[in-house]
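Colleague: Chain B: place on chain A using the hints.
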Amino acid sequence: MTSAPIPTDPRRLAVRLEVAEGNIEADAYQAWIRSHPHEDGLAIANGHVHVLHALRSDPVTRLWGLGLGDGPDADVIDEAIREGVRRGAVKITIEWNPYADPALLGVLGERRFIVQEFTNTYVLDLHGDVPPAKRPLSEHLRLEQLDHADPGEVDAAARVWARATFGDQAPASAIAHGRLQMSQPSRATFVVRDADQIGGVGTVGIDADVAFLCITATLPEYRSLGIQSHMLRARLDHARERGASIATIGSDPGTPSQRNIERAGFRCIYTKLIVKRPLISD
Amino acid sequence: MDCDSRGVSSPFPALPDPPALAARIEQSIAEGVAAAARAAASRDSTSDLVAVKLAGGWVVAGEGRSPLARAVGLGFDGAVEASMIDSIEALFRERAQAPRFDVCQYATPGLLSSLASRRYVPQAFMSAFARVIEPEERISGAPGYTPPDNLTLRRIDPSDDALVDVAVDVMSRCFHDHAPAPDWLVRVTRQGILQPRAVTFLAYLDDEPVGGGCLAIHEDLAMLFGAGVLPAYRRHGIQGALIRGRLMWARDCGATLATIQSAPGAVTERTARRAGFEPAYTKIVLVGERNA
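The listed protein sequences correspond, in order, to chains A and B.
Take 2 as the starting number for the first sequence in my numbering and just add one per residue.
Take 1163 as the starting number for the second sequence in my numbering and just add one per residue.
Next comes chain A alone, as it looks inside the complex (with noise of 0.2 Å):
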């Protein structure tokens, strides 16, 4: 595959990393939605905006790319807006890139929308090498990948992501979340075993030649082993290997996460805002 040159431009290069992630989550979702009619989901792209309308399993309205092309896209939030509360939705969710039409922060404001939380964005060209992990996995843990046409590893998996991620009382929606995401076959999931338990998760996708790492987390008991630049590692190669150019990943800031993903040569090159509006009240 001809790969596309790395814009040197941070907002093309924003627009292009947007435009892939919300392209791989929406082909998640469309992929979950024919196989769980029930779930009764939408997924809309239009240009650089992705919107992924609730689930009845995951009740939240998703939206990507906006104010990265021309204009802050106040009709775009507005419908989503109106199709989530249609739905049943319980909030509607914005990553909100710092490259966006600053008309955004004005339409975002008048529609009640409040700060939730930092998301740093990291990338990784992918035609350099990547240094190693610092240690080898101990003896009793093997990386596989997932296979993700067997509904009990995949929701065994999920289960995995949604403890490490919100803890023992993980919601019912988060498994959702996992299992519709390690399922798809245009993803692959890498895990950690030790015998029979899970004891990490990481997917990657690849939309053209921008491979989006996510779904990544450790439990606690397995935490400080290296497990996490393991599956980083293998998902990047696994990235390399079907022609990809540049890797994207996101992270908490300040955490080990970020601390493991630098090590890995990634840098990172923006930070979103996650911002958020309650429709249940509505």
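Think of the hints as simulated: they come from the structure by calculation, not from any bench.
Each residue gets a CB set at the ideal place from its N, CA and C atoms; glycine is no exception.
It cannot be assumed that every hint is accurate.
[As the list claims (entries may be wrong)] Between beta-carbon pairs, the in silico distance windows are:
| hint | chain 1 | residue 1 | chain 2 | residue 2 | range |
| --- | --- | --- | --- | --- | --- |
| 1 | A | R83 | B | R1257 | 32 to 42 Å |
| 2 | A | Q146 | B | P1393 | 56 to 66 Å |
| 3 | A | L43 | B | P1358 | 57 to 67 Å |
| 4 | B | L1216 | A | T166 | 48 to 58 Å |
Modeller: Coordinates of chain B only, in the frame set by chain A:
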């Protein structure tokens, strides 16, 4: 080195630990903003500017829409308690101002959620960029961005009132394309130039001042700020020359780290990236209600 084709990799030395770097820069900025406010208040008895150290950072309130007025550098030394936020809000509201907080992604997460629960709304994104300065570094310009041969940078003496007036006039007009600049912008520009530790350079084409920029050095950190070029003289490499000139000054003063802030995607960002600056962190400016 082609500064313009760095893409996602960089030939420059890597920046230090991001959270620690962000804390250091934000708290240095906070010190600078507070110093500027105190200096301004001491020069002008009619000013209601006040600077108060709170929650590990500084809160500057007063003077209406002054960009100095905000809480900055908070949240790096642990939780910011609700009572502290109440106190900060009171400082602003006593001066008929909407409370304004700069919140960085590496500040304690509770600060963002506390302000969100108080219905603060985002007003602006700001990107902070940083670069290492090597002691013997030859700071060169980006290929293809050569300034005019008749450009010189001259450091101004802050005790020379006439020259300060020239700098204030030129630099305030750089940020307001339609002359004359509004009073608040002129006042803020003067405050920046006259703040303690600030060094100001004017850019001249022959004997005509066409732009300027400031820096302040705190320990070994050089903070570049306030740079601009008059509209008629833009796109001639002068902005880049102002950055290089200040970096060289900073290097010669022993600074080993430099930082500059920009709205995402603005000219300042592009010029800074060509000069070797990399993204260090992001912050969001959050504004609350003017009345409780």
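Colleague: Against the earlier hints, flag every one the structure doesn't satisfy and list their numbers going up.
Modeller: 4
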